[in-house]
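**Q** Make the full structure from the sequences, and use the hints.
There are 4 protein chains.
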Amino acid sequence: MANFGGHAIPGSFFLLYGFWLTVKYVLQHYWRTNQPKGRQTLPPIFKRLDYIEGGFQIFAAFIGIMVEQFVVDGPHAHLYNDGGWIKLMNWQHSTMYLFFGISGIALILSTKFQLVPRGVGRFGLSLALFVEGFLFYYHVHNRPLLDAHIHTLLLVAVFGGSASIMLEMFIRDNIILELFGSCMFILQGSWFYQIGFVLYSPSGVEWNLTEHANVMFVTMCFCWHLAVALLLVTSTAVVVWLTVVQFSARGRDIEIGMRNTSSELTSQKALLQESDEE
Amino acid sequence: MANFGGHAIPGSFFLLYGFWLTVKYVLQHYWRTNQPKGRQTLPPIFKRLDYIEGGFQIFAAFIGIMVEQFVVDGPHAHLYNDGGWIKLMNWQHSTMYLFFGISGIALILSTKFQLVPRGVGRFGLSLALFVEGFLFYYHVHNRPLLDAHIHTLLLVAVFGGSASIMLEMFIRDNIILELFGSCMFILQGSWFYQIGFVLYSPSGVEWNLTEHANVMFVTMCFCWHLAVALLLVTSTAVVVWLTVVQFSARGRDIEIGMRNTSSELTSQKALLQESDEE
Amino acid sequence: MANFGGHAIPGSFFLLYGFWLTVKYVLQHYWRTNQPKGRQTLPPIFKRLDYIEGGFQIFAAFIGIMVEQFVVDGPHAHLYNDGGWIKLMNWQHSTMYLFFGISGIALILSTKFQLVPRGVGRFGLSLALFVEGFLFYYHVHNRPLLDAHIHTLLLVAVFGGSASIMLEMFIRDNIILELFGSCMFILQGSWFYQIGFVLYSPSGVEWNLTEHANVMFVTMCFCWHLAVALLLVTSTAVVVWLTVVQFSARGRDIEIGMRNTSSELTSQKALLQESDEE
Amino acid sequence: MANFGGHAIPGSFFLLYGFWLTVKYVLQHYWRTNQPKGRQTLPPIFKRLDYIEGGFQIFAAFIGIMVEQFVVDGPHAHLYNDGGWIKLMNWQHSTMYLFFGISGIALILSTKFQLVPRGVGRFGLSLALFVEGFLFYYHVHNRPLLDAHIHTLLLVAVFGGSASIMLEMFIRDNIILELFGSCMFILQGSWFYQIGFVLYSPSGVEWNLTEHANVMFVTMCFCWHLAVALLLVTSTAVVVWLTVVQFSARGRDIEIGMRNTSSELTSQKALLQESDEE
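Residue numbers (our numbering), protein chains in the order written: chain Y, 1 to 278; chain L, 1 to 278; chain S, 1 to 278; chain W, 1 to 278.
It should be emphasised that the hints constitute simulated quantities derived from the structure, not laboratory data.
Every value quoted in this text rests on a predicted model; they were computed, and no experiment measured them.
Don't take each hint at face value.
The list makes no distinction among identical chains, and a pair is therefore deemed to hold if it is satisfied within one copy or across any two copies.
In the SDA-like style, the derived pairs of lysine to any residue whose C-alpha atoms are separated by at most 25 Å in a straight line are [to be verified]: (1) Lys112 with Thr243; (2) Lys87 with Ala213; (3) Lys112 with Phe136; (4) Lys87 with Ile195; (5) Lys112 with Phe247; (6) Lys47 with Phe13; (7) Lys112 with Thr236; (8) Lys24 with Ile52; (9) Lys87 with His212; (10) Lys24 with Met169; (11) Lys24 with Leu231; (12) Lys112 with Val228; (13) Lys87 with Val205; (14) Lys112 with Arg32; (15) Lys24 with Leu242; (16) Lys24 with Thr236; (17) Lys47 with Gln28; (18) Lys112 with Ser235; (19) Lys112 with Gly6; (20) Lys87 with Ala227; (21) Lys112 with Ala227; (22) Lys112 with Gln28; (23) Lys47 with Trp241; (24) Lys112 with Thr234; (25) Lys112 with Leu231; (26) Lys24 with Phe62; (27) Lys87 with Ala60; (28) Lys87 with Glu211; (29) Lys47 with Thr243.
**A** Encoded structure:
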């Protein structure tokens with residue numbers, strides 16, 4: 001939707017999702033590094049997190065499609081009439097949401113059924129981002145210079161995230177790759193806000209959409225967003241990590257639900273020895 | 001051939017081939033996940049499937065070349081006369097078929113002779129798709145906007161399939177990658193139909209080939225085809241899987257031809273234990 | 001050099017080199033598949049082949065540079081005078097040869113000194129192809145349509161070969177990848193001839209450099225060259241393989257220089273067992 | 001900064017950094033190849049080298065930002081006034097430096113804290129190069145032919161380095177990849193000098209920025225820089241290697257700080273045996 005809110009809402013969702021992924025991946029990484037070598041199965045809490053994540057994706061996609069279709073000036077599920085295609089922009093956005101919904105279904109299925117390979121969730125997410133970028137790519141033709149450029153920069157975050165998450169299908173449990181994916185979501189979210197501020201400024205400032213200096217500034221600004229996204233992911237990861245460490249030190253009872261008490265001492269020892277050696 | 005049938009025929013073949021690959025890969029995956037760790041060799045039935053697949057590719061390629069050359073307005077195996085090149089379009093299509101024929105030969109050779117590495121069949125298929133995309137890429141120059149765009153979208157499916165199948169050469173037995181390849185074939189097939197409906201509509205509707213809204217709709221429509229292809233592959237995979245599971249439960253005799261009875265109990269136990277642990 | 005000979009000479013070299021690589025890789029593959037699992041070191045004869053290959057690359061590069069510089073209308077090692085740059089085309093060709101010379105040096109060093117990693121030879125060759133493609137890429141600007149197109153197609157073979165050989169640095173001893181690299185050299189060689197025939201036809205035929213049908217034919221013709229290159233590599237590989245097998249069956253004495261007699265029986269047995277199982 | 005010095009200073013830094021990386025990687029490679037198989041932890045001296053490297057990056061980035069902001073005609077930390085954006089060029093350069101600073105911080109953190117994965121340092125460096133290339137890419141629009149081309153060639157070195165270092169995240173301890181990364185830094189450094197000489201020649205020669213022959217020469221010249229960079233990296237690596245070997249032969253006492261004396265003999269034997277076999 002071509003107004004500030006129409007960019008702020010998806011922006012907020014992507015920001016939120018980026019933070020969610022950061023927290024999840026850090027928790028999983030903590031778990032992996034504190035396990036004895038032989039064990040690889042994640043405790044049930046991570047399954048529950050994945051159900052929540054998948055359910056949320058499906059829910060958000062559903063709401064998104066409904067809103068795009070049935071807002072006052074929406075197409076109301078009509079695609080074509082005598083005058084031609086109806087509100088193709090809204091239909092394109094609905095299509096994007098659809099693939100995030102599919103991603104949610106894939107995540108839930110791969111969590112629920114052991115037979116569905118683990119990578120299916122990632123594959124769905126990567127595909128959803130690819131479709132988003134693919135539609136945006138043809139979105140931006142025939143627009144003023146700055147408008148096209150600012151959307152092109154969005155594609156860097158979208159395709160960067162898609163490629164990174166696709167790679168995770170083959171290179172599992174690489175924390176750098178996982179957090180880079182989260183970072184791309186946060187970058188995308190904050191850039192949606194930036195687009196809103198530039199094209200539909202709530203304070204009423206109008207940008208000259210054809211001035212080259214504006215294009216140069218916006219390019220640089222994208223790098224600043226990237227730096228901030230890196231900082232946010234790093235801070236979140238540190239806070240989550242320290243919290244978990246403190247938590248598991250204060251009351252080890254909580255962890256009992258998460259891992260076998262019998263193997264705990266061994267794992268602690270193994271970890272200590274590793275840190276002595278290195 | 002520039003009519004509806006000329007797009008429906010290859011479309012049907014690609015659709016069919018996509019389903020064939022889905023079934024084959026799911027059967028192989030079932031086999032792999034039900035084997036004890038030590039054994040890796042596939043039972044002879046898969047060899048027979050590969051012979052059929054390769055033979056079919058060679059046969060279809062041969063028929064395709066013959067039809068392209070000897071239809072009424074075809075070049076009849078003449079390439080050049082005083083007036084210049086004769087029916088280059090038909091020659092290009094023949095070239096595409098040729099490489100699918102080569103792919104069939106490669107598949108049969110790699111199945112027949114142990115010395116030929118297993119990946120040769122995939123390599124041939126990937127190359128055939130690459131050549132198809134390569135020729136289409138130069139096909140679409142100097143055409144009306146919508147015509148060029150709708151063929152460009154086809155290239156996404158073609159090169160996507162080619163890249164995915166090329167990857168399978170190095171990452172073996174990854175079911176997600178394999179089904180993604182099948183999905184790209186189905187997408188290609190259904191998109192061929194879509195091209196036929198848009199450019200040579202059998203119901204006589206004429207699309208405005210230069211209207212931007214049509215381009216936007218077609219782009220979005222491609223994503224819908226992708227969603228449907230994903231759904232078809234998933235449904236087929238589920239149906240095949242459930243059929244095989246039920247089959248092997250009802251009468252285990254069939255399987256005797258497929259695997260060693262002595263190792264069967266062990267493998268069943270191993271599987272059960274794995275599912276208990278996870 | 002802008003005449004038929006100037007394209008036939010490098011074409012012949014690339015054809016020859018493609019066949020050489022095919023033979024070498026098939027011999028190495030035969031050796032690997034006939035070795036017991038534990039042993040990995042190649043017999044000294046392969047070292048000698050690499051010395052010859054490297055020496056030949058250096059020699060050919062030296063001759064190439066000399067010819068480009070000191071032909072009658074060459075720059076005679078002068079780069080700049082009052083009138084501007086002298087014969088930049090010849091200088092660019094000399095630069096291409098230089099990198100093939102560097103590739104030869106890299107191959108000899110990596111063969112001679114154990115400390116130099118094995119992949120350095122491949123890296124050098126991949127880089128030489130990259131530089132060739134890189135220079136050709138800027139070569140083709142401002143030329144007639146067909147001239148630019150036919151050189152662009154050459155780039156497909158050049159960059160395809162460069163990428164494939166770069167991959168070999170990381171994925172060692174993959175016979176498909178190795179033969180694909182050889183195939184790209186043969187394709188490049190035969191395409192050089194094709195360029196010579198089209199642009200400087202020895203029979204005096206003049207092609208219309210701006211006609212679109214010619215571009216379409218040339219694109220298709222490139223695919224035919226690829227098919228022929230695949231056929232040539234396959235035939236060569238089969239002939240070499242059969243020769244080696246027959247050779248080692250008739251008189252095993254020759255092999256004694258190539259491998260340890262003590263381990264021979266074991267390896268034969270291991271191979272037989274493998275083929276029984278599979 | 002648009003003068004000779006503004007290109008010579010970053011050029012010198014990149015040259016220096018390229019040599020530093022070469023020396024570091026060769027030392028690490030020497031260490032790895034002289035270790036018994038079981039041990040993998042690097043001695044403390046390499047940690048110290050990484051601290052120095054990271055500290056240097058942060059320091060250089062800080063100085064760079066300060067200079068760009070507070071030179072006489074700089075923006076003095078003002079970004080916008082009534083007349084529009086202030087000195088965006090300086091702001092863009094500051095942004096590039098910022099990411100090299102972030103890279104330094106990442107390197108120090110990954111060296112200091114065992115919990116931070118080793119690859120984070122490489123990731124930061126790769127990202128810094130990517131951002132540099134990203135900003136340069138939009139830098140070069142709307143410039144004269146030669147100016148745009150000479151900066152585009154810089155991008156080859158920048159993105160080549162970024163991709164190579166990104167690969168190092170996944171393919172660890174590959175000396176060819178590591179030295180290729182160093183080579184790209186040296187190439188970038190020497191090419192900065194070349195840009196300075198061409199666009200702001202200190203001897204006052206003015207190049208015709210629109211002549212096609214100049215573009216052709218500059219393209220070829222880039223390849224010569226690459227050849228020289230390869231030569232420099234190779235020579236440096238050989239000199240460092242020979243020095244280390246001689247050093248460790250003359251007085252083995254120095255090494256005691258670096259490796260366990262008890263395991264030394266074993267490792268020497270293992271190495272000798274390996275070289276006998278191969």
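**Q** With identical chains, the pair Lys24 and Thr236 could be close in the same copy or across copies; at 25 Å between alpha carbons, which is it: within, between, both, or neither?
**A** Intra 11 Å, inter 33 Å, cutoff 25 Å: intra-copy only.
**Q** Taking 25 Å as the upper bound on the Cα-Cα distance, should Lys112 and Thr236 be classified as within, between, both, or neither?
**A** between (28 Å within a copy, 19 Å between copies)
**Q** Pop the pair Lys112 and Val228 into one bin, within, between, both or neither, using alpha-carbon distances up to 25 Å.
**A** Result: close only across copies, 23 Å inter versus 36 Å intra.
**Q** Given identical chains, is Lys87 near Ile195, meaning Cα to Cα at most 25 Å, within a copy, between copies, both, or neither?
**A** Both: 21 Å inside a copy, 23 Å across copies.
**Q** Can you tell me if Lys112 and Gly6 fall within 25 Å by alpha carbon in one copy, between copies, both or neither?
**A** neither (34 Å within a copy, 44 Å between copies)
**Q** Evaluate Lys112 and Gln28 at a C-alpha cut-off of 25 Å and name the case that applies: within, between, both or neither.
**A** Result: close both inside a copy and across copies, 18 Å intra and 22 Å inter.
**Q** When no copy is named, should Lys47 and Thr243 be tagged within, between, both, or neither for a Cα gap of at most 25 Å?
**A** Answer is within: at 21 Å inside a copy they meet the 25 Å cutoff, but 28 Å across does not.
**Q** State whether the alpha carbon distance between Lys87 and Ala227 is at most 25 Å within one copy, between copies, both, or neither.
**A** between (37 Å within a copy, 21 Å between copies)
**Q** State whether the alpha carbon distance between Lys112 and Phe136 is at most 25 Å within one copy, between copies, both, or neither.
**A** neither (33 Å within a copy, 42 Å between copies)
**Q** Should Lys87 paired with Ala213 be assigned to within, between, both, or neither, using CA atoms and 25 Å as the limit?
**A** between (33 Å within a copy, 10 Å between copies)
**Q** Should Lys47 paired with Trp241 be assigned to within, between, both, or neither, using CA atoms and 25 Å as the limit?
**A** both (20 Å within a copy, 24 Å between copies)
**Q** First find the shortest C-alpha distance between Lys47 and Gln28 inside one copy, then the shortest across copies, and answer within, between, both or neither for a cut-off of 25 Å.
**A** within (11 Å within a copy, 28 Å between copies)
The structure is inconsistent with the numbered hints 3 and 19, although it conforms to all the rest.
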